[in-house]
Amino acid sequence: MLTSFEHYKYRLVKHFNSVGDKPKRRLYSFKSTKSNQTYHVWVECYPMNFYGIKFHLKSHSESELKYNVLTNLKEARPVIFTCIKIMLDIHREIDNSSFGFIGSGSIGTLIKKSKTGELIKVDIDEDDFNTKRYRRYKQIMITYISRAVFEHVENIDKSAYMLIRKSELEKDPNLIDKINMYFSDTYNNFD
Amino acid sequence: MGTSKTNSNQTDTKSNFKLTPNGNRLYEFTKVSDEDVAKLRVKIHAYLV
Chain A
1 MLTSFEHYKY RLVKHFNSVG DKPKRRLYSF KSTKSNQTYH VWVECYPMNF YGIKFHLKSH
61 SESELKYNVL TNLKEARPVI FTCIKIMLDI HREIDNSSFG FIGSGSIGTL IKKSKTGELI
121 KVDIDEDDFN TKRYRRYKQI MITYISRAVF EHVENIDKSA YMLIRKSELE KDPNLIDKIN
181 MYFSDTYNNF D
Chain B
1 MGTSKTNSNQ TDTKSNFKLT PNGNRLYEFT KVSDEDVAKL RVKIHAYLV
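Chains as they are written, first to last, in our numbering: chain A, 1 to 191; chain B, 1 to 49.
Don't read these hints as lab results, they were simulated from the structure.
Covered stretches of chain A, going by a simulated chain B footprint (3 or more residues, C-beta under 8 Å):
1) 82-95
2) 135-146
3) 149-155
4) 158-167
5) 176-182
Below, simulated EDC-like cross-link-like pairs (lysine to aspartate or glutamate); rule was C-alpha separation at most 20 Å, straight line:
6) A:K9 x A:E75
7) A:K166 x B:D34
8) B:K39 x A:D157
9) B:K18 x A:D185
10) B:K18 x A:D177
11) A:K158 x B:E28
12) A:K34 x A:E75
13) A:K158 x B:D36
14) B:K31 x A:D177
15) B:K31 x A:E168
16) A:K132 x B:D36
17) B:K31 x A:E170
18) A:K178 x B:E28
19) B:K39 x A:E151
20) B:K18 x A:D128
21) B:K31 x A:D172
Derived contacts from chain B toward chain A, CB cut-off under 7 Å, selection only:
22) V32
23) L48
24) V49
Cβ atoms here follow ideal geometry from the backbone N, Cα and C, with glycine treated the same way.
Produce the complete structure using the sequences and hints provided.
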């Protein structure tokens with residue numbers, strides 16, 4: 001059961017202006033005290049005050065699979081919590097913000113303990129549907145983000161999750177449809 | 001013999017998704033319900049917001 005909220009210290013590295021089809025973005029960075037690995041967190045700023053959150057290992061920055069690769073570092077929880085802290089900073093800074101993320105399908109070899117305690121390797125290549133990452137993110141969101149403040153909405157087929165600020169939904173009941181429409185028209189792969 | 005093409009139980013895979021006015025596939029989102037939350041067995045809510 002998730003009860004504590006341990007996270008790493010992070011910093012805002014840089015603001016990036018919109019270039020081509022890339023939205024305005026912010027880059028945050030933090031270092032894991034467990035693995036000594038540095039992570040990059042990208043916050044993408046879309047219309048309708050919608051912010052997409054993504055993260056990957058800095059060492060995977062140039063990889064096309066940076067959001068899919070299994071790291072086997074066993075530190076998902078504090079890493080996810082750090083991303084949530086960044087999201088909450090924006091929540092406080094921008095009082096009409098809503099958020100979203102995708103639980104990318106995992107690719108790679110998972111190293112885990114068998115029932116007998118032996119380390120075993122399992123090859124994984126998930127598609128977009130209801131991914132392992134997505135299921136974990138969803139449970140964390142339900143635990144830590146009140147449905148009184150944000151409407152939690154999901155698309156399991158694409159493993160996509162959105163937190164739509166209820167105060168904005170009251171102003172515009174079609175906000176969820178508008179955001180869906182924007183992403184469906186702008187990003188063919190919805191990623 | 002056979003089943004009427006208008007039978008509502010039939011599934012037409014082409015109509016399983018909606019399109020945006022611009023002709024792109026619309027990825028629809030659904031609200032996470034109380035039932036969904038119950039399935040997740042989240043017993044302790046530690047809301048940060």
